[in-house]
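Chemist: Going left to right, the sequence shown walks through residues -21 to -1, 1 to 140 as mature numbering (1 follows the signal peptide of the UniProt record, and there is no 0) numbers them.
Watch out, some of these pointers could steer you wrong.
Claimed, not checked - Ranges of calculated distance between the beta carbons of each label pair, as one might list FRET restraints: (1) T32 to T119: 12 to 22 Å; (2) G73 to T32: 12 to 22 Å; (3) D37 to P101: 30 to 40 Å; (4) E16 to P101: 41 to 51 Å; (5) P88 to E127: 15 to 25 Å.
Source of the hints: derived by calculation from the structure; they are not laboratory data. Please read all numbers here as calculations on a predicted model, not as lab measurements. All residues carry an ideal CB built from backbone N, CA and C; glycine is no exception.
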Amino acid sequence: MDAVFRRALPALLIVPALLLAGCGSDAPPQVTFAVGEQERSTGPTQYCDLQLTGCKDDAAAEVRLPVPAGAPVQVTVPDEVSEAPWHVVFSYRGTDGQQVDGRSPVFAPNQQQDYALQLPGPADQLITAQVQQFGPAPITNDRTGEVEFPIRGSWVLVADA
(Lines of atoms letter the chains of each structure in order from A and count residues from 1; the text may use other names and numbers.)
(Lines give C-alpha, C1' and ligand atoms only; values in the text may rest on other atoms or scores of the structure.)
Protein backbone atom coordinates (compact mmCIF):
# COMPACT_ATOMS: atom_id res chain seq x y z
CA MET A 1 0.00 0.00 0.00
CA ASP A 2 2.85 2.40 0.80
CA ALA A 3 4.43 1.76 -2.61
CA VAL A 4 1.14 2.54 -4.38
CA PHE A 5 0.73 5.72 -2.34
CA ARG A 6 4.32 6.84 -3.09
CA ARG A 7 3.77 6.32 -6.83
CA ALA A 8 0.45 8.19 -6.74
CA LEU A 9 1.74 11.06 -4.59
CA PRO A 10 3.35 13.06 -7.43
CA ALA A 11 0.12 12.94 -9.44
CA LEU A 12 -1.90 13.94 -6.39
CA LEU A 13 0.34 16.99 -5.92
CA ILE A 14 0.24 18.02 -9.58
CA VAL A 15 -3.57 18.11 -9.92
CA PRO A 16 -4.14 20.76 -7.19
CA ALA A 17 -1.26 22.82 -8.57
CA LEU A 18 -2.86 22.82 -12.02
CA LEU A 19 -6.23 23.77 -10.58
CA LEU A 20 -4.70 26.64 -8.61
CA ALA A 21 -2.84 27.89 -11.68
CA GLY A 22 -6.15 28.23 -13.53
CA CYS A 23 -7.80 30.01 -10.61
CA GLY A 24 -5.29 32.84 -10.50
CA SER A 25 -6.21 34.24 -13.91
CA ASP A 26 -9.17 36.42 -12.89
CA ALA A 27 -7.66 39.49 -14.53
CA PRO A 28 -9.63 40.63 -17.58
CA PRO A 29 -7.87 40.57 -20.95
CA GLN A 30 -5.77 43.46 -22.24
CA VAL A 31 -6.20 45.10 -25.66
CA THR A 32 -3.41 47.01 -27.42
CA PHE A 33 -3.81 50.18 -29.48
CA ALA A 34 -0.80 51.30 -31.56
CA VAL A 35 -0.03 54.35 -33.71
CA GLY A 36 3.36 54.32 -35.40
CA GLU A 37 5.98 53.44 -32.79
CA GLN A 38 3.72 54.20 -29.82
CA GLU A 39 1.39 51.69 -28.25
CA ARG A 40 -0.75 51.39 -25.16
CA SER A 41 -2.30 48.27 -23.64
CA THR A 42 -5.29 48.51 -21.38
CA GLY A 43 -7.86 46.53 -19.51
CA PRO A 44 -11.56 46.98 -20.13
CA THR A 45 -13.60 49.96 -19.03
CA GLN A 46 -16.44 47.45 -18.63
CA TYR A 47 -16.20 43.67 -18.36
CA CYS A 48 -18.94 41.18 -17.54
CA ASP A 49 -19.17 37.47 -16.88
CA LEU A 50 -20.55 35.26 -19.65
CA GLN A 51 -24.16 35.68 -18.47
CA LEU A 52 -23.78 39.49 -18.13
CA THR A 53 -24.94 39.24 -14.52
CA GLY A 54 -21.71 40.36 -12.88
CA CYS A 55 -20.13 43.42 -14.48
CA LYS A 56 -17.23 45.59 -13.36
CA ASP A 57 -16.65 49.14 -14.57
CA ASP A 58 -13.28 50.91 -14.61
CA ALA A 59 -13.41 54.34 -16.25
CA ALA A 60 -9.71 54.77 -15.45
CA ALA A 61 -8.88 51.93 -17.85
CA GLU A 62 -9.33 54.11 -20.94
CA VAL A 63 -6.01 55.00 -22.52
CA ARG A 64 -4.82 58.10 -24.34
CA LEU A 65 -2.52 58.01 -27.33
CA PRO A 66 -1.40 60.73 -29.76
CA VAL A 67 -3.10 60.06 -33.11
CA PRO A 68 -2.15 62.47 -35.90
CA ALA A 69 -4.86 63.28 -38.46
CA GLY A 70 -5.31 60.43 -40.91
CA ALA A 71 -2.98 58.08 -39.02
CA PRO A 72 -4.04 54.43 -38.87
CA VAL A 73 -4.56 52.79 -35.47
CA GLN A 74 -3.56 49.15 -35.12
CA VAL A 75 -5.81 47.26 -32.70
CA THR A 76 -4.69 43.90 -31.30
CA VAL A 77 -6.86 41.66 -29.11
CA PRO A 78 -5.89 38.48 -27.24
CA ASP A 79 -7.49 35.04 -27.58
CA GLU A 80 -9.87 35.80 -24.69
CA VAL A 81 -11.43 38.59 -26.76
CA SER A 82 -11.25 37.02 -30.22
CA GLU A 83 -12.92 33.79 -29.08
CA ALA A 84 -16.23 35.71 -29.25
CA PRO A 85 -17.53 38.10 -31.93
CA TRP A 86 -15.97 41.57 -31.63
CA HIS A 87 -15.66 44.82 -33.52
CA VAL A 88 -14.28 48.36 -33.24
CA VAL A 89 -16.60 51.36 -32.96
CA PHE A 90 -15.09 54.80 -33.44
CA SER A 91 -15.79 58.51 -33.77
CA TYR A 92 -13.81 61.05 -35.75
CA ARG A 93 -14.03 64.66 -36.82
CA GLY A 94 -14.21 65.17 -40.57
CA THR A 95 -12.74 68.10 -42.48
CA ASP A 96 -16.09 69.91 -42.15
CA GLY A 97 -15.77 69.78 -38.34
CA GLN A 98 -18.67 67.36 -37.92
CA GLN A 99 -18.38 64.26 -35.75
CA VAL A 100 -18.85 61.01 -37.65
CA ASP A 101 -19.46 57.63 -36.00
CA GLY A 102 -18.43 54.35 -37.60
CA ARG A 103 -17.61 50.75 -36.92
CA SER A 104 -15.55 47.95 -38.34
CA PRO A 105 -17.04 44.72 -39.59
CA VAL A 106 -17.98 42.24 -36.86
CA PHE A 107 -15.29 39.57 -36.63
CA ALA A 108 -16.53 36.01 -36.10
CA PRO A 109 -15.17 34.00 -33.17
CA ASN A 110 -11.53 33.00 -33.64
CA GLN A 111 -11.43 34.75 -37.04
CA GLN A 112 -8.82 37.42 -36.33
CA GLN A 113 -6.95 39.16 -33.56
CA ASP A 114 -6.09 42.48 -35.14
CA TYR A 115 -7.64 45.31 -37.09
CA ALA A 116 -6.17 48.39 -38.76
CA LEU A 117 -8.50 51.35 -38.23
CA GLN A 118 -8.01 53.73 -41.16
CA LEU A 119 -10.24 56.80 -41.40
CA PRO A 120 -11.65 57.73 -44.84
CA GLY A 121 -9.73 60.98 -45.40
CA PRO A 122 -6.13 62.00 -44.69
CA ALA A 123 -7.26 65.07 -42.69
CA ASP A 124 -9.86 63.20 -40.59
CA GLN A 125 -9.08 63.29 -36.86
CA LEU A 126 -9.86 60.30 -34.64
CA ILE A 127 -11.68 61.18 -31.41
CA THR A 128 -12.15 57.75 -29.83
CA ALA A 129 -11.97 54.05 -30.69
CA GLN A 130 -13.51 51.23 -28.69
CA VAL A 131 -13.13 47.48 -28.97
CA GLN A 132 -16.41 45.78 -28.07
CA GLN A 133 -16.63 42.06 -27.37
CA PHE A 134 -20.13 40.69 -27.82
CA GLY A 135 -21.69 38.59 -25.08
CA PRO A 136 -24.56 36.11 -25.25
CA ALA A 137 -26.81 35.67 -28.27
CA PRO A 138 -28.77 38.72 -29.48
CA ILE A 139 -32.15 39.33 -27.85
CA THR A 140 -35.26 41.18 -28.98
CA ASN A 141 -36.32 44.13 -26.86
CA ASP A 142 -39.96 43.47 -25.92
CA ARG A 143 -40.83 47.18 -25.83
CA THR A 144 -39.22 48.30 -29.09
CA GLY A 145 -39.06 45.07 -31.08
CA GLU A 146 -35.43 45.88 -31.97
CA VAL A 147 -32.69 43.29 -31.81
CA GLU A 148 -30.06 44.09 -29.17
CA PHE A 149 -26.53 42.74 -29.22
CA PRO A 150 -25.27 42.49 -25.62
CA ILE A 151 -21.71 43.74 -25.11
CA ARG A 152 -19.57 41.77 -22.65
CA GLY A 153 -16.51 44.02 -22.61
CA SER A 154 -15.28 47.39 -23.86
CA TRP A 155 -11.71 48.70 -24.23
CA VAL A 156 -11.38 52.42 -24.97
CA LEU A 157 -8.78 54.61 -26.67
CA VAL A 158 -9.10 58.41 -26.50
CA ALA A 159 -7.09 60.06 -29.24
CA ASP A 160 -4.89 63.05 -28.52
CA ALA A 161 -4.50 65.27 -31.60
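Chemist: Please go over all the hints and tell whether each is borne out by the structure.
Modeler: Here is what the structure says about each hint:
no. : hint                    : in the structure
1   : T32 to T119: 12 to 22 Å : holds, 19 Å
2   : G73 to T32: 12 to 22 Å  : violated, 40 Å
3   : D37 to P101: 30 to 40 Å : holds, 34 Å
4   : E16 to P101: 41 to 51 Å : violated, 20 Å
5   : P88 to E127: 15 to 25 Å : holds, 19 Å
When each numbered hint is compared with the structure, violations occur for hints 2 and 4.
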